[in-house]
Amino acid sequence: MSMTAAARNAFRAGTVLLLFALVGTAMLAFTHDRTEPVITRSQQAEKLALINQVLPASSYDNDLLASRQDLPPDDLLGTRQPSALWIARRGGQATAVVLEAVAPDGYAGDIALLIGIDIDGKVIGVRVTAHHETPGLGDYIDRAKSAWIDQFSGKSLTDPESKRWKVAKDGGTFDARAGATITPRAVVKAVKSALDYFARHRAAFAAPPAAKEKKA
Amino acid sequence: MMTMSEFRSLFHNGLIKQNTGLVQLLGLCPLLAISNNVVNALSLGLATTMVMAASSGAVSSVRHFVPNEIRIPVFVLIIAALVTVIDLAMNAFVHPLYLVLGIFIPLITTNCIVLARADAFAAKNHPLHSVIDAISMGLGLTLVLIVLGAIRELAGKGTLLSGIDMVFGQAAKGWVLHILPHYQGFLLAILPPGAFIALGLLIAANNWNKARAVQRVRAAVPMAA
Numbered sequence: 001m002s003m004t005a006a007a008r009n010a011f012r013a014g015t016v017l018l019l020f021a022l023v024g025t026a027m028l029a030f031t032h033d034r035t036e037p038v039i040t041r042s043q044q045a046e047k048l049a050l051i052n053q054v055l056p057a058s059s060y061d062n063d064l065l066a067s068r069q070d071l072p073p074d075d076l077l078g079t080r081q082p083s084a085l086w087i088a089r090r091g092g093q094a095t096a097v098v099l100e101a102v103a104p105d106g107y108a109g110d111i112a113l114l115i116g117i118d119i120d121g122k123v124i125g126v127r128v129t130a131h132h133e134t135p136g137l138g139d140y141i142d143r144a145k146s147a148w149i150d151q152f153s154g155k156s157l158t159d160p161e162s163k164r165w166k167v168a169k170d171g172g173t174f175d176a177r178a179g180a181t182i183t184p185r186a187v188v189k190a191v192k193s194a195l196d197y198f199a200r201h202r203a204a205f206a207a208p209p210a211a212k213e214k215k216a
Numbered sequence: 001m002m003t004m005s006e007f008r009s010l011f012h013n014g015l016i017k018q019n020t021g022l023v024q025l026l027g028l029c030p031l032l033a034i035s036n037n038v039v040n041a042l043s044l045g046l047a048t049t050m051v052m053a054a055s056s057g058a059v060s061s062v063r064h065f066v067p068n069e070i071r072i073p074v075f076v077l078i079i080a081a082l083v084t085v086i087d088l089a090m091n092a093f094v095h096p097l098y099l100v101l102g103i104f105i106p107l108i109t110t111n112c113i114v115l116a117r118a119d120a121f122a123a124k125n126h127p128l129h130s131v132i133d134a135i136s137m138g139l140g141l142t143l144v145l146i147v148l149g150a151i152r153e154l155a156g157k158g159t160l161l162s163g164i165d166m167v168f169g170q171a172a173k174g175w176v177l178h179i180l181p182h183y184q185g186f187l188l189a190i191l192p193p194g195a196f197i198a199l200g201l202l203i204a205a206n207n208w209n210k211a212r213a214v215q216r217v218r219a220a221v222p223m224a225a
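First to last, the protein sequences are chains A and B. Take 1 as the starting number for the first sequence in this note's numbering and just add one per residue. Take 1 as the starting number for the second sequence in this note's numbering and just add one per residue.
Treat the hints as calculated values from the structure; they're not laboratory data. This structure is a prediction, so every number in the text was calculated from the model and none was measured. Heads up, the beta-carbon is just placed ideally off N, CA and C, and yes, glycines get one too. Do not take every clue at face value.
[Said to hold, decoys possible] Heads up, simulated BS3-like pairs for lysine-lysine below, C-alpha to C-alpha not over 25 Å straight-line:
1. A:K47 / B:K210
2. A:K145 / B:K17
3. A:K47 / A:K169
4. A:K122 / A:K166
5. A:K189 / A:K166
6. A:K145 / A:K163
[As the list claims (entries may be wrong)] Non-contacting residues of chain A with respect to chain B, defined by C-beta distances greater than 10 Å in every case (computed):
7. M27
8. Y107
9. G136
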């Protein structure tokens with residue numbers, strides 16, 4: 001049985017396309033295989049470097065990345081998806097936690113935060129990890145742009161008292177730049193809510209590590 | 001294999017005559033999005049140039065094996081595979097640079113300039129010519145990006161080279177040029193409308209320049225037409 005010219009052409013084109021797809025797939029598989037361990041390692045180092053900005057590396061001796069837990073979405077954290085929590089321990093005792101939180105009411109959507117809280121409920125440090133605030137106006141919450149975010153260090157639910165957990169313009173403790181109040185207001189509110197969340201779950205975080213994590 | 005005049009005409013074509021940003025108006029989405037300062041603009045320009053050189057070289061090398069009717073899917077396949085390989089390799093082996101350029105590289109795959117050069121030039125020409133063409137097109141784009149980035153950064157923030165420490169590390173923090181000290185800033189220039197306005201002005205300036213050149217030729221040969 002002989003094929004028509006058109007069928008032969010289509011068959012040839014299909015075969016060539018298949019060959020290119022195979023070569024492309026092989027190239028990708030090979031590259032992925034060679035680069036994956038290196039990429040995983042640098043991603044972890046990056047995560048750890050970020051965490052260490054809100055939690056001094058000297059304050060724990062456990063494998064921090066292995067202590068990761070997924071927190072279910074919670075209004076106090078502002079999260080709609082599970083978020084991460086890491087527990088810092090020294091000599092088996094919990095000394096601090098680092099958690100991801102979201103300020104959902106920024107000027108331009110979500111502001112993602114990473115917050116370090118010591119086991120007594122005091123903020124160690126806060127960093128903005130992602131935001132869409134206006135460049136030059138609201139983006140001073142980013143530590144790369146200004147030191148504004150540092151004013152949270154050392155604060156807790158009792159210092160300042162609850163009604164002073166606001167920006168100065170609203171009668172609170174935290175200063176904010178003129179012209180961009182919505183952004184810092186959202187961040188202040190989110191940090192306070194995260195402290196509330198921590199206070200509510202503190203007992204669970206302070207408990208000795210679960211057997212599962214010890215094994216890992 | 002390649003004469004000096006061919007070489008020169010390829011570069012003239014890419015940098016000026018067929019400039020992707022000012023004449024062909026291709027790939028405007030990344031051009032407008034990333035040109036808010038010089039450092040971003042330069043980084044995106046160089047990354048695009050690199051991807052174009054690699055993909056044009058590859059497309060040109062296999063051009064005799066690709067039946068005409070399936071050339072576009074094959075080129076897309078080659079470009080996508082190549083960009084992914086570059087993306088993974090940069091992530092693994094030049095991580096600091098990847099942190100700066102990383103977000104742009106997958107974006108480059110979708111840039112129509114890459115496919116346009118592969119189909120319009122690399123599919124019909126020798127690999128060496130194709131790579132030179134891709135590099136000159138990429139440099140033409142880079143040039144427009146830098147000018148646009150400089151205009152927007154200067155008008156918007158009064159500085160040049162801000163953010164250079166993200167490319168060269170903390171030591172480069174002092175390289176930022178504060179051209180207009182105590183400048184209050186002009187937000188519009190940094191936001192997307194500023195990109196459209198500045199690009200429009202650049203295109204207008206380029207067209208005006210061309211029109212003047214044509215007039216000068218006409219004036220020199222009054223009765224020619």
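Here is how each hint holds up against the structure:
| no. | hint | result |
| --- | --- | --- |
| 1 | A:K47 / B:K210 | 52 Å, violated |
| 2 | A:K145 / B:K17 | 40 Å, violated |
| 3 | A:K47 / A:K169 | 35 Å, violated |
| 4 | A:K122 / A:K166 | 17 Å, holds |
| 5 | A:K189 / A:K166 | 7 Å, holds |
| 6 | A:K145 / A:K163 | 28 Å, violated |
| 7 | M27 | 6 Å, violated |
| 8 | Y107 | 13 Å, holds |
| 9 | G136 | 5 Å, violated |
Hints 1, 2, 3, 6, 7, 9 from the earlier list are contradicted by this structure; the remaining hints agree with it.
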